[in-house]
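Participant: Put chain U on the given structure of chain Y with help from the hints.
Residues per chain, in single letters:
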Amino acid sequence: MELLYDIIGNCAQAGWLPSIFQHTFMIRGFLAAMLIGPLLGAMGTVVITKKLAFFTQTIGNAAMSGVAIGLLLGEPVDGTYAGLYGFCLIVALIMTFIKNRSRLSNDTIIGVVLAQVLGIGIILMILVTSQFNIHQVEAILFGSLITLNDMDLITLFAAALSAGIIFTITYNRVMLSSFNPVLSRSRGLNPVFLEYVFVALMTTIVVASLKLIGALLVLVLIVVPAAAAQNLACNLRQFVWISIMLSTISTTVGLLLSGLLPVPSGAVIVLVSSLLFYGSLVVRVAVKGKRA
Amino acid sequence: MPDNAVCFPEADALLEIAGLSVSLGRNSILENISFKVARGSIHALIGPNGAGKTTLIRSILGQMPHRGTIMFRFTGNGRIGYVPQFLDFDHSIPLTVSDFIKLLLQDYPLFLAGRKRNMEKVEEIISVTECLHLKDRMMGGLSGGEFRRVLLAQALFPIPELLLLDEPASNMDEVSTSQFEQLLKKLQKRHGLSILMVGHDIRRILALADHVTAVNRRVVFDGKPDILQNPARLAEIFGLGFPDLFASCKAEG
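Sequences listed follow chains Y and U, in order.
Position 6 of the first sequence, counted from 1, bears residue number 6 in the numbering used here, the numbering being contiguous throughout.
Positions in the second sequence are counted from 1; adding 1000 to them yields the numbering used here.
It is possible that part of the hints are untrue.
[To be verified] Distance ranges between label pairs, derived from CB positions:
1. Gly-1114/U x Val-285/Y: 52 to 60 Å
2. Gly-1025/U x Gly-74/Y: 53 to 61 Å
3. Leu-73/Y x Gly-1025/U: 37 to 45 Å
4. Ser-1092/U x Phe-97/Y: 27 to 35 Å
It should be emphasised that the hints constitute simulated quantities derived from the structure, not laboratory data.
In this text, a Cβ means the ideal position worked out from N, Cα and C, and glycines have one as well.
With the rest of the complex left out, here is chain Y:
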């Protein structure tokens, strides 16, 4: 990793890259943004299709409890991976289980679990903050470029690679199974299994992107680039690629701006993606006007 940082740092010193890349935390952040952006963009299109946007928010909220559980279990303060991934995956899979086994609507289940993980998170955070630094928890909630370390980057790379491969392989089947479970079963698919696979992938990527974007803001980056792509795309292929492009622009440009301004990275990334969304609306209205 050090070699990579040195090479990029030297390029910045030589004037080939912006001067902010002389800082290691900025290089780490940029690499994380390049990994997270495309994946959140691609997954966002399926999240919108499957109407899982607030499911994502629940996972983000569960991260608060996840960090606290990790710390209580004795994980280092800058790497609560088992607590975070473990708790968020358990919450996501339990929600999917309840959805498939009960007559409750998705909205109701999300409402119930969202409140529960928030309650548990607040109790645990109070327990934890009497022993640990609250700034680590704040970094999870709002994203913090400074706290991103090498281990986070390696974990993110492993998560992004595995999630990206599985997402690509299962994309057609996951999309088809979301339209009608009886039809997809008649075509030899297992919609329940595919739903668990997608939910696990989504949880992995949401958790992996928390330090950069933050638990409270991750929903925006999942939904907004895909929603903007929905305004511009004429078919599913364009839908995915435009969403990937807009999401990557949001994470990278937002990150570069957060290096220049004294504000959390997640907030600037979200602001950039929101501007892109409004831009897509303008383009859509203009194109419609031209056609009319």
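Facilitator: Here is chain U on its own, set in the frame of chain Y:
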């Protein structure tokens, strides 16, 4: 089996259901259902809402735990084509007709494949139900009739031995329903399809089906559809509700 059931030689039955019962918890959804679907026929399954028609379709598709037997006498590919009543998706999603068919057709991820990949096959599939002109249209922007033709096209790829249609006339106006039925008859003759369709509009059943099975948890009627032309007999079989429906169609006619 009711005494008025029309029987045909066993070898002519593509599908034979005997003593089928389905329960969900303590609720009995279907009780002792028995009937046969003749090879190459259009068989209608009718009944009021909540009668268990969709449960029966799901049992035939092997997606519902049940008691009793469901026997298929397939002689070809043994495929069952299924036309669902609806697709659950946000209608503003940029999902074109070609995209939908490609999702069924190919394992290769749709977003990595070129736009023209498998396009000839897509065109061949949607041409069967005369909707080639819809290939670049958004699924969410199709009319009820156009939507149903696309769903029928996917069910006919590859041509099945048994075609199941769940409420094909729902969300369709009179003209679209009539056109869809003509298409269905034409395809049935061309490919020798055996069709089992769920419906509740007796007037349409009379025009289309060769055989009717009426269910309301149990089989309440199994025979030729022409008996449904007699309102008194209809009232005797179905009780209240269905005669009203029949009267309304008579008034319109």
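Participant: Please name the hints from earlier in the document that this structure breaks, with their numbers sorted from lowest to highest.
Facilitator: Of the numbered hints given earlier, those the structure breaks are 1 and 2, listed in rising order.
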